[in-house]
Structure formats: C-alpha cells, structure tokens
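2 protein chains.
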Amino acid sequence: MVHVLITGAAGMIGRKLTQRLAGDGTLAGREITALSLIDITQPEKPAGFAGRLSLATLDVSDPEAVARCIATRPDFVFHLAAVVSGEAEADFDKGYRINLDGTRHLLEAIRREGAKAPYRPRLVFASSIAVFGAPFPEPIGDEFFSTPLTSYGTQKAVSELLVADYSRREFLDGISIRLPTICIRPGKPNKAASGFFSNILREPLAGQEAVLPVSDDVRHWHASPRAAVGFLLHAAAIDLASLGARRALTMPGLAATVAEEIEALRRVAGDKAVKLIRREPDAVIAKIVAGWPRTFDARRALALGFRADASFDDIIRAHLEDEFGSRVPVLQHG
Amino acid sequence: MVHVLITGAAGMIGRKLTQRLAGDGTLAGREITALSLIDITQPEKPAGFAGRLSLATLDVSDPEAVARCIATRPDFVFHLAAVVSGEAEADFDKGYRINLDGTRHLLEAIRREGAKAPYRPRLVFASSIAVFGAPFPEPIGDEFFSTPLTSYGTQKAVSELLVADYSRREFLDGISIRLPTICIRPGKPNKAASGFFSNILREPLAGQEAVLPVSDDVRHWHASPRAAVGFLLHAAAIDLASLGARRALTMPGLAATVAEEIEALRRVAGDKAVKLIRREPDAVIAKIVAGWPRTFDARRALALGFRADASFDDIIRAHLEDEFGSRVPVLQHG
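One line per chain: the protein sequences are E and U, in this order. When we follow the numbering used here, the leftmost residue of the first sequence carries the number 1, and every step to the right adds one. When we follow the numbering used here, the leftmost residue of the second sequence carries the number 335, and every step to the right adds one.
Keep in mind the hints are simulated off the structure, nothing from the lab. Only true hints are included.
Derived pair list, reagent style SDA-like, types lysine to any residue, alpha-carbon separation capped at 25 angstroms: (1) K94/E <-> R502/U; (2) K94/E <-> T41/E; (3) K94/E <-> R580/U; (4) K116/E <-> D427/U; (5) K116/E <-> E421/U; (6) K428/U <-> A117/E; (7) K522/U <-> W626/U; (8) K450/U <-> E87/E; (9) K94/E <-> P397/U.
Treat the numbers as computed from the prediction; the structure is a model and nothing was measured.
Pulled out of the complex, with its shape left as it was, chain E reads as follows:
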C-alpha cells in the first residue's frame, strides 16, 4: 500500500522507471496503490497500472506547486527532474533554477510537510558522475572529492550535500545515486557530447550510419537504461542506515573502450553493422571527453547489492529486447 512520486517522469529514465513500476505493481515488496508522475511536459499514462494514477505538468522550480504535490505524502520519491548538462551550461539561470532550487524546494516541501505530522519518505535522487572532473586517479574511489567541471555537475554535487544533510536531520531518508553515462540511449542521435557512445551502437543496429568523433581507445563508464532503472529500484528498497551521513554513492558501471563497444556490436550484429560506423575525429568533443572519468572502484555500492551490466554484449542485448523485442533490425535491412 504505497504511493510513489516520480519527478521528471516524462524523461527517458522516468518513462522506463514508470513502466517498470506499473508492470511490477510493487516497490520494495509493497503494493503500489498510487503513482504520481510529474514533469515540465505532461507524462504519459503507463500501460497496465491498476492503482490510482496522477499525472501533472509541473515545474519543480515552483515551490508552491512542489508543496502541493508533497502534501499528498508519497512514501517514495524518485527525483529525476533536471535540465541536462549542455542546457545547464548554456542557460546558467535555468540550470540553477531547476537543478538546484528544484531539489531544494522538494526537500523543503518534505521537511515542512513533516513539521505538520510525522512524515519521512524515502527519497532517491538521480545524481551523476558529472560531479567528478579531471584530473582523476584510476580508478576513482568512493572517497574521491567532487570536482565538477560543469554547472550541471555542480548542481548535482550541491543536491547530494542537501540530500545528505536533510537525511542526517531525519527530515527524509535519502540516497543520491551517481548514474554512469547511459548507453544505449534510445531515440534519435542528439548533440550531447556523450551521444556517440550510444549512436555508434543504436544507429548501426537499426541499419543506419553513425559518426564516431573520438579515437577507439577512449574509455568511459556505462550503464544500460535497464541497469539504471534497476539502481533506482534497489536504492528505494534497501536499508540506508549503514550509509550514515554518507548518502551519495557512485553506481557500478561497465568500464569499456570504444573499441570494446565496437567488438561487442560485431559479436551481436556482425561486420555489416560495424561498417556503418564512420570515423570523423572532432577535436572539440575529444577535448570534452578527455575530462570525463573512465573507471571507478564503486565498492560501497557493490557491497550494498547494486549491480552493473556484465558486458557490452549484455547492454546491446538489453537494448534490443527493450526497444525491439530482441529483433536485430540491421539483420532485417540487409
């Protein structure tokens, strides 16, 4: 008998989390009787959910709107709402308004609701490995400092600190999970500097050309959308007492080079798919990517039972299952 709230429910991960919760019908072993979905654009109605469903178009930077939402006292809050890295860098005000003030309004609404009558929901905050910036140790350990090189990373790091303090004060029971770069992102190629990690798999799998702007030896830290949803669900279910005041956790991921990605593509979809990757070195993207973390020692998360994808072959197979029902589109185009 639990009520679940998802902010940013219309986003890619939000939609997948919603669909998974609607399908499971349970969270942390308890029946989901109410699901509240909010986003700046109208969230979609998930298929097959029998409980009470609430869909709302709402800006998390509006404290009154957030307070009205929290007044319904959800037991679980997944806080996914955010403007992405590129937008937060291009529009300084908007990034701080959504990614920092939005988080703070949500935490404050929970605290104020709890001041009226006891209330201490589980809050799962989707943070990012963007809280880290080069130079790095290899691998990056759980005690390495937050050194963001973007306003987005700064806003995530600040939100982590707030989630930890509000948890320590027992206003809520929160955890921040730092998601790896999501790969394979479904949908169209976008202009994100990280887009190519997905593009060079997703497009060839669909029989389309893809551009690779960096060299094959670039290493990065990945998780499938399915693994990311798994992290969120696990974070909602586990006992957080052992975390103490240290409520931010780097999620396990798959450290892989572009070359390893490509070899996995070859194994799953053959040489024909690999030939659709066109190398077009881009010095700007190469420079951005050089500042990104490559590999982590995420032992705290592993000890708590968070599990990464086992291989890039698995990431590709999960993509095919989730997006195409396991059909390999390139084989059909051949």
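Fit chain U to the known structure of chain E by using the hints.
Only chain U this time, still in chain E's reference frame:
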C-alpha cells in the same frame, strides 16, 4: 587604488582582518583607498585608516541589500559572514538562510553586476574544516571528499562548490580557504564544543581557571587568529590560475594534542598556569570531538605559499602579543 569589502566584519576574524588592512594600508601590493565593512551588527571603525570608510548594518540573506553593496564594485571581497556551527544546527532555517543563501546572493550580485559592465573581483571565502566528517584517513589529503556531519559544514561545502562554479564561469575570481579551528580565540569562554582548546590556554594565561572536558591525547588542527588573517591576505594576493576549477583549499594548520598544548603553556607561562586547568571529562563533548579531523596533508596550500603557525609556543606568544602587548597576565597575578 583598491576597494575592499568584508562581510562579517564585526566578527572576531573580521575585526582582526579589518585592523590589519587598515594598518597595512595595502592589499596585494596595492593601496587600499576604500574599505566597506558590513555585518548584521554595526562594524567598528578601525583605527588609523586614511581612505574612504563605509560601515553598514546589513543581512547577507537580503539580496537587494547585498546587490546595493556590490554595486559599489569592490575589487576584493572577503566573505566571512556566517552563523556558527551550533546555531546553524539549532536553527535550520537561519543556517541555510545566512550560510547558503547569503553566499549565493553575494555571488549572484557579483554576476549581475558583471553583466552590466565588466567586473570580476577576487572573492576570498572563509570555509572550514567542518566540510569533513569522520571516519577519516590520517592525514586527510587534498582530494578527500566533503562529508559534513553538521548543517554548517554542509552549507560551507555547498558554498565552496558555488565559488568554484562562479569562478570557472569567470563571473569572479574566487578561492575558498578551509580554516583550521582558531586557537587561541580571544574573549570569554563560550559554549562551542571546540571552546576548550582556547579556554585551557587563554584562561590560565589570564590567571583564571579553565575546564578541560576531554582527554590529553585528543589531537586537533589549529591556527592562531593571526595565521588565519595571514591566510585571508595571502588568498587575496596570489595568482589563482593554477587552481583551475579546484578552488577550495584546506589551510595548513598545527596538528597538536591537548597534552602538547599544555606543555607549550608550561614553557611560556610556567607550572602555575598549568595548574589552573581543571579536568572535568564530558562524554558529550568527547563524542562530538571524536568526529572531528585530527590532521591534514595540506600540500596544495603549502605549495601556494600558505604558512601555518610553527608551534603552540608561537600560537601562545602571538596571543600575548596581539591581546596583551606580550605581557603574560598570569605572571602579574602571581
């Protein structure tokens, strides 16, 4: 020909910094022609300052008041205003309002001023080793993560992240310096959990009894008020380009046990002074202090030329010089 602004100018460090600047008449090798002092209580007029002086009673949590202050375009901003740890823990709203929103209003006022006409002041933010919380490595290195165990520490850690991001975006040229526990704090004994580090020296030096609530082997990280003022001045003067995006620095300090403090007192003021220390173990204070950092490897700050007190003998001598003109009061009380 520079204009210097100090927030929190009526506080202990603010007053000492003000007096030093007024006495020197220069900062970073340039003549100070204007000095603006703001605090929630009226700052004192410093002795011997020949330039334009502005004293204002102002709450940093009032964005319009802060903007009016920044509209005078100071070249250097020392941001010391804060409510202390105990108060930020007791009054959650006030702590966030002053220590987080206050910093943000100041940074935003600078950014908005710079949007009108080029303006990029040097900002020196007084942070604290309270951004760290146990368990710790020994010593704590420059890349150890911020794990505050208080709302005060959280607010300082958030402010550090903001100073770094606003610096990276070139809205200002900022540095956050994490001050050690200040010892010997002049004035009366207060109820701060850290108070005894100062009390057991200051009171016996004045011929008064002092209570020691922890065991003699407690080790902590100290700086004299004089060293703290030196850090602030040095932070204002050095080139920060080498810091890149990593704008928060742990200041060097003196790692010393209570026993070492007491032996220094004995060397400077004799057994008679030491006998004025009364041992009254306090389990609550002992527990709080056990969560505090003991020693740091502050090599980044050392490489930039920041210098700690050389010994506790020096800390005591600096106290006697600064507060009593080198007279040892206990010897007079004999």
